[in-house]
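4 protein chains.
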Amino acid sequence: MARDQLRDFVERIERLEKEKQEIADFIKDVYGEAKASGFDPKILKRVIAIRKKDLAEWQKEDAVLDTYLSALGMVADA
Amino acid sequence: MARDQLRDFVERIERLEKEKQEIADFIKDVYGEAKASGFDPKILKRVIAIRKKDLAEWQKEDAVLDTYLSALGMVADA
Amino acid sequence: MARDQLRDFVERIERLEKEKQEIADFIKDVYGEAKASGFDPKILKRVIAIRKKDLAEWQKEDAVLDTYLSALGMVADA
Amino acid sequence: MARDQLRDFVERIERLEKEKQEIADFIKDVYGEAKASGFDPKILKRVIAIRKKDLAEWQKEDAVLDTYLSALGMVADA
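Quick note, the sequences are listed as chains A, B, C and D, same order. Last residue of the first sequence: 78 in this note's numbering, with the numbers rising by one and none dropped. Last residue of the second sequence: 78 in this note's numbering, with the numbers rising by one and none dropped. Last residue of the third sequence: 78 in this note's numbering, with the numbers rising by one and none dropped. Last residue of the fourth sequence: 78 in this note's numbering, with the numbers rising by one and none dropped.
Accuracy of the hints is not assured; some may be wrong.
Repeated chains share a single entry, so a pair holds when one copy, or any two copies, can fit it.
The list that follows gives simulated cross-link-like pairs (lysine-lysine, DSS-like), each with its CA atoms no further than 25 Å apart [unchecked claim]:
#1 Lys53 with Lys28
#2 Lys60 with Lys28
#3 Lys20 with Lys60
The set of hints was computed from the structure by calculation and includes no laboratory data.
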């Protein structure tokens with residue numbers, strides 16, 4: 001068993017995971033700042049998820065969602 | 001160590017997990033049926049998620065989302 | 001839009017999801033009973049996860065884990 | 001709606017999420033390197049998960065697991 005090699009891999013992964021966690025904490029801080037500025041973190045997350053998609057694709061999905069919701073009487077007919 | 005008692009707990013949990021998996025498979029089947037009938041499973045999932053929420057609460061969120069998206073120029077002004 | 005068909009799919013999925021949630025709650029109850037009987041739910045979950053695997057496969061993995069841990073000085077040499 | 005402020009929050013979060021994803025990709029690369037060097041990524045992950053815990057705590061859990069497994073006849077008596 002190449003002990004040093006194993007230890008090197010383990011410690012490299014641990015350093016990277018620590019960095020990743022720090023950035024995750026920064027992201028949480030920014031959502032906190034946004035909330036303190038009056039923005040809704042939950043809606044902000046939806047915006048960011050939508051921006052990851054192709055906008056036209058998202059708009060098409062949203063239109064289909066509206067037809068389903070109105071077919072179920074949950075929103076006024078689109 | 002109460003061997004029989006441990007085995008009983010393990011086997012009860014395993015039976016219940018098996019039942020739960022069977023129902024998860026049924027749900028997948030229904031989504032498959034819906035897809036075959038021309039419905040979009042992804043949108044159907046969103047409908048079901050929305051129906052778990054208070055409708056007025058969801059409509060308020062959706063309106064806020066629209067204002068964020070139009071503020072970012074992603075949709076025409078609400 | 002086949003409104004009745006859509007409603008049927010939605011309601012079938014919702015009924016199945018409700019059943020699935022009930023079974024998940026039963027599972028939680030059994031873990032609660034096991035805990036009250038002195039068993040550790042976290043370890044019980046590991047046992048159940050191991051029983052889903054091929055036992056020989058798990059034993060091989062566990063032996064490899066021991067060699068890694070002892071190579072890192074975390075356990076006495078296997 | 002403070003459009004610029006909203007855009008600033010969105011873009012800051014997106015930059016941080018991009019950084020986080022890059023680090024996640026680096027981690028995947030290191031696991032790939034470890035695999036190419038003959039280490040088992042799945043076991044490596046278990047080692048890293050164990051190193052996040054208090055070692056004595058993990059050893060105690062592992063001993064309890066052994067007693068459960070031998071009570072169920074899955075391993076020779078501890």
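- Index of numbered hints that the structure contradicts, given in increasing order: 3
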